[in-house]
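J.: Can you build the whole structure from these sequences, using the hints too?
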Amino acid sequence: MISALALEQISCTFISRDDLSQSYTAVRDTTLVVGEGEFVSLVGPTGCGKSTLLNVAAGLLKASSGAVTVFGEGLAGINSRAGYMFQTDALMPWRNTIENVIAGLEFRGMTREEAFHPGNDWLKRVGLSGFEKRYPHQLSGGMRKRVALAQMLILNPQILLMDEPFSALDVQTRQLMENELLELWSGDRKSVVFITHDLEEAISLSDRVVVLSAGPASHPIGDYAIDLPRPRDVAEIRLTPRFIELYTGIWHAMKEEVLKGYAQQQK
Amino acid sequence: MRNSKNSRVGEDRLRLRIYQALVLVLLFVLWHVGTSPTLLPPVYFAEANQAAFFFGEPIKVVLRLWQWFASGEIYGHLWVTLVETLLAFLIGTVSGVAIGLWLALSPTASAILDPYIKAVNAMPRVILAPIFFVWFGLGIASKVALGVTLVFFIVFFNVYQGVREVSPVVLANARMLGANPRQLLRFVYMPSAMSWVFASLHNSVGLAFVGAVVGEYLGSARGVGYLIHQAEGMFDMNTVFAGIVLLTAFALVLDWTVGFAEKRLMVWQPRSGDTERV
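Chains as they are written, first to last, in this note's numbering: chain P, 1 to 267; chain L, 1001 to 1278.
Hints were generated in silico from the structure; no laboratory data involved.
Check each hint, because a few of them may be wrong.
[Stated by the list, open to error] Coverage of chain L stretches by chain P, computed from C-beta distances (three or more under 8 angstroms per stretch; other residues unrestricted):
#1 1105 to 1119
#2 1262 to 1270
[Stated by the list, open to error] From chain L, some residues computed to sit far from chain P (all C-beta separations above 12 angstroms):
#3 Ile1018
#4 Phe1045
#5 Leu1078
#6 Thr1248
[To be verified] Some residues of chain P that are not near chain L, with every Cβ distance over 12 angstroms (derived):
#7 Glu38
#8 Asn55
#9 Pro229
Every residue gets a Cβ at the ideal spot worked out from N, C-alpha and C, and that includes glycine.
T.: In structure tokens, the structure reads:
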């Protein structure tokens, strides 16, 4: 079987612009393979290079060494088969909701009139009908995330790259969004790489959880299959014994790295 | 509840307007009393009507304004000044946007040109006026050229800044959504830069106006600046002040127009105190 996304032996070293002798290795020799339709979460302590890996997969960042293959083909430039959901606000503030949602279609050469139809369709699917003419600053944080989700999914990407997309939301909105994401995803299972620092979120959403070591020179230290049944409700599944069992197992492996990462930040 | 609150806000605003008008009246009265030859004994000047010679007389200033508009002779001059201002503003803005975008997006060119841009910006550009008179003559073109040199740098630096300040996340997002470099320019860099251009619009319209009037003042045959210069040559202070009042009113109208355009075009920007959310 061809994997949807394969990162092989990826290393990323950043050189300080002010002092060329200073360098920082964010990720070293990391291999990550994501199967078709698989939902994989990357967890790790803050500053462990999770976002770096995701940017490499998106083609926004070129790795210092290693190779990226997408459905068996080597990646050069932007990964056009992937959609990316950012941690911070990435909507264009000068475009209203519907214009933001159809931006990708417009970039592909569709006229506005053609694009409005699927655009309205997607707004309805993320529960934002009636908010077409609002600008991002007039929406709440959760609504902006929904717009970003629709903006990404309207292009029907085969791979979804998500960088702590819900970390800025309050707990209730977050669980709501997680459930919506799972529902949208279950329709036509795309491959997902989901980054989070929240182990509960990772387990409740994923098929597989990969734990990264603390930076610098971060690399995977654990790979856990999550055998919880689907469809899931992210709030309810957290109370099941199997979830707690999985959580305890992974947390034990992670604890040491979290402490290391914390110590790194104290320096 | 809400109504009474609204009416209170309305009352406050009305009171403010009244006080503002009172300041104007007060200034007018002081001016009149200070310059009228018969009202006060001369304190500083040797002769009673010397104050009027230096500072003009408000009633005559108003009369002069009235004459200008009643006879219609002012419209031609105003029109010339307006055309000069608008042309300087348009040419300066368009070239500032174009060159600002170009330099902001090509680091090599901006690195090479950087010291020269700083030098030209630091130069007091009004001294270019004599050169422009030689190049473009005493007509409209030399005033437009002077205005353009003033407007260009304001817009240029704002666009440059605007492009540099584009959020890297918004940019990365647009690239992931499939925007090619041209689309990035049109859909991301331009709108972002335009918000900075609009922030500087009040400034640049004002400077275009300065360029036009100063140019007229230094050498021309038409325009409000020319009228002021003529009157000054004949020691006609009342006409000079009338010209100044007219220019001030004109500048206020321009500023108001820009504010109106800004409000219409920049709806996407949150204004302070704008908490409209759902």
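J.: Non-interface claim for L:Phe1045: all C-beta distances to chain P beyond 12 angstroms?
T.: 60 angstroms, holds
J.: Please verify that the nearest CB of chain L lies beyond 12 angstroms from P:Glu38's CB.
T.: 21 angstroms, holds
J.: P:Pro229 clear of chain L by more than 12 angstroms, beta carbon to beta carbon?
T.: 33 angstroms, holds
J.: P:Asn55: least C-beta distance to chain L exceeds 12 angstroms?
T.: Violated, because the least Cβ-Cβ distance between P:Asn55 and chain L comes to about 8 angstroms, which does not exceed 12 angstroms.
J.: If you look at each residue in the segment 1105 to 1119 of chain L, do at least three have a Cβ nearer than 8 angstroms to any Cβ of chain P?
T.: Result for this restraint: violated, n = 0.
J.: Just checking, L:Ile1018 versus chain P, shortest CB gap more than 12 angstroms?
T.: The claim stands: L:Ile1018 keeps its Cβ more than 12 angstroms from every Cβ of chain P (closest is about 36 angstroms).
J.: Is the listed coverage of the segment 1262 to 1270 of chain L by chain P valid when you require three or more residues with a beta carbon under 8 angstroms from a beta carbon of that chain?
T.: holds (count 4)
J.: Compute the least Cβ-Cβ separation between L:Leu1078 and chain P, then decide whether it is above 12 angstroms.
T.: Answer for L:Leu1078: holds, closest chain P Cβ roughly 36 angstroms.
J.: Hey, is L:Thr1248 genuinely clear of chain P, shortest beta carbon separation above 12 angstroms?
T.: 34 angstroms, holds
Violation of the numbered hints given earlier is confined to hints 1, 8; the remaining hints are satisfied by the structure.
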